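Colleague: Using the sequences and the hints, build the whole thing.
Single-letter residue listing:
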Amino acid sequence: MGDSAVLLRISDVSKSFGEVVALDDVSLDIRENEFFALLGPSGCGKTTLLRVLAGFEQPDAGTVTLDGSDLLSVPPEKRAVNLMFQSYALFPHMTVAKNVAYGLVCEGLPRAEITARVDEVLDTVGLSDKKAALPKTLSGGQRQRVALARAIVKRPRLLLLDEPLSALDRKIRGEMQMELKRLQHEVGITFVVVTHDQDEAMSLADRVAVMDAGVVRQLDAPLDLYRRPRSVFVADFIGSSTILRGSYLDGHWETPGLPPLSVPAECSGARAIALRPEAISLLSVDDSRCRLRGTVSEVYFQGDHALAQVDVDGTTFLAAVRDDVLPERGARVGITWQESAIIPLVAD
Amino acid sequence: MRALATVPAMTYLVVLMVIPLGLVIAYAFLTAGRFGGVQGPVTLDNVTRMLEPLYREVLASSVFNAGAATLIAFAIGFPAALAITRLPSHWQTAALIAVVLPFWTNFLIRTYAWIILLNREGLLNDGLALAGLGPIDFLYTRQAVILGLTYAYIPLMVLPIYASLQRLDPQLLEAAQNLGAGAWRRFRTILLPLTLPGIITGCLFVFIPSLGNFVIPELLGGGNSQMIGNLIRDQFLKSRDWPFGSALSLMVLALLIIIVMFQASAARRTRRWGA
Ligand SMILES: Nc1ncnc2c1ncn2[C@@H]1O[C@H](COP(=O)(O)OP(=O)(O)OP(=O)(O)O)[C@@H](O)[C@H]1O
Ligand SMILES: [Mg+2]
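If you're matching them up, the sequences are chains A and B in order.
1 is the number of the first residue of the first sequence in the numbering used here; add one for each residue after it.
1 is the number of the first residue of the second sequence in the numbering used here; add one for each residue after it.
I should point out that these hints are in silico values taken from the structure, not numbers from a laboratory.
Bear in mind that the values here come from a model prediction, so they are computed numbers and not experimental data.
Treat the hints with care, since some could be wrong.
[Said to hold, decoys possible] Label pairs and their calculated CB-CB ranges:
no., chain 1, residue 1, chain 2, residue 2, range
1, A, Arg111, B, Pro193, 13 to 23 Å
2, B, Pro193, A, Glu32, 37 to 47 Å
3, B, Leu196, A, Arg111, 21 to 31 Å
4, A, Ser16, B, Gln263, 43 to 53 Å
5, A, Arg111, B, Gln263, 48 to 58 Å
6, B, Phe64, A, Ser16, 47 to 57 Å
7, A, Asp206, B, Ile97, 48 to 58 Å
All C-beta atoms in this analysis are idealised placements derived from N, C-alpha and C, irrespective of residue type, glycine included.
Modeller: This is the structure in structure tokens:
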């Protein structure tokens, strides 16, 4: 990949809590001005990684450099890294303006400059009229924006956001996602967002690292993650797909319960193959193009399209169908796909 | 029906609060009987007598002793409470039990133990002698009184502060640190204001009983460290001047009411912040 300047380099970082391995040999490069997402199921070590970067946890092994110089030896209060906490952690006894000013006061800036910068950032997040309000009088979305303002007003090199939107309901969440994206462009700060919501990661980030049990399983742009997952875990975690475990033999994929399926040669050595729903088309049973035949066992509506679950002798295939040609549940149908749409998965 | 339900509470208030307080107020404006008790005529003598330099000095010295004990108890109690909240949770329980344990043993015995430690032939002076120093008269000094008061009431400082610290979201301190605040600034701008209710409660819990205490000044201060509590007790038990004793009690009460009102207003302010 064409490299713009690397801002943060995480090399072989490991961290255990007693028996629990929270981070297992994690290596990542985060680039200047990038919107980076850490995606993974609960307990996979996302927060732990952010806390290492913010200085609240010391890793057992590994190095982290920011702008080429060692970050781990810098005390938390001296790092040019700001963290927006999942719970926002606003100071309840300070007004919105005081909360936002806190980091600048710590820097010992002149009062006039502090006021100017606080006004400016509150304007950016649209909270100019809430300066004198106490946090508990704000709505969830407003608190989130105060927390964001408090973190970006310091103009850090790196802004870490721990599930910034998880406390919001669906509608505000969508709005805040767009606002985050806009802000990131506007202030030109590198963002690292933690989330366990794949849609959020996919729609916000330039690149996404998918984590599982302390390990980075894949690091790619969102579209590549979706189109080219390399492991069963990632294919399963990102979007929905039909995953067939089995083995390659002479241009065919052998899966228990199914006849041999013709596959491209790149599937040799794979652990499993995957098909995205939109790669599978439904046909009538007597169509000669059918690769397999089965029974529609379930239909899920997804707005502009639907997912049909087709049972083929005990193996379930997921196919995307348009709303106007919905199959009946229980109907006998045929399915087919383009061979080139088959994704080989080389790892579990 | 409603009115009936308040009877127990009212009875309790009248018997334990209104009647005794009324008596004290009434006594304060009467004249002493020859063998205790009170008699006419109604007078303001007791009030004016309190303002004599001798008594003003005792009051000032008592406030000083109680205030010093409160400050020292805070200076030791706050870090102690903080250290306890940082322990793993089962150790926290053990540490809290250790803090209140002295309360379950007899107050007098604990105070006598200090005499054994502090007197001229005491353990502390034995230790100094080994180092070739001393002996020093620790006992029967104002410092000994303050030490005794601090020791007696410090658990009452630790517990409310511990409760406040427990309620404090530790992420607030991390957030402050992440924004660039060093340890002292975090203490001053986050820890202190957010645990203020507990701190004020702890200070009152130490100050109030210290101010009225007469056992510790007597045992550890000897004759030369009288506090207002000794004075009041003497009026009732030795001089048989109930009216003057009542007037002194009222003054202490008034002082404490002012302090508690201050505390209530501070508590109201912190409640505005919400959880
Ligand atoms: N201070 C700690 N002490 C002990 N175990 C911890 C500690 N912090 C994290 N862990 C463990 O480390 C693992 C990773 O935790 P982490 O909080 O990083 O997960 P996460 O990916 O942020 O999960 P979530 O999406 O639920 O927030 C978990 O198994 C967790 O129980
Ligand atoms: Mg987390």
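Colleague: Next, verify each hint and record whether it holds.
Modeller: Going down the list of hints, with the structure as the test:
1. A:Arg111 x B:Pro193: 13 to 23 Å: At 21 Å between Cβs, range holds.
2. B:Pro193 x A:Glu32: 37 to 47 Å: This hint holds: roughly 39 Å between Cβ atoms.
3. B:Leu196 x A:Arg111: 21 to 31 Å: Because 25 Å falls inside the window, the suggested range holds.
4. A:Ser16 x B:Gln263: 43 to 53 Å: Taking Cβ atoms as reference, A:Ser16 and B:Gln263 lie about 47 Å apart, which means the hint holds.
5. A:Arg111 x B:Gln263: 48 to 58 Å: 33 Å, violated
6. B:Phe64 x A:Ser16: 47 to 57 Å: 54 Å, holds
7. A:Asp206 x B:Ile97: 48 to 58 Å: 55 Å, holds
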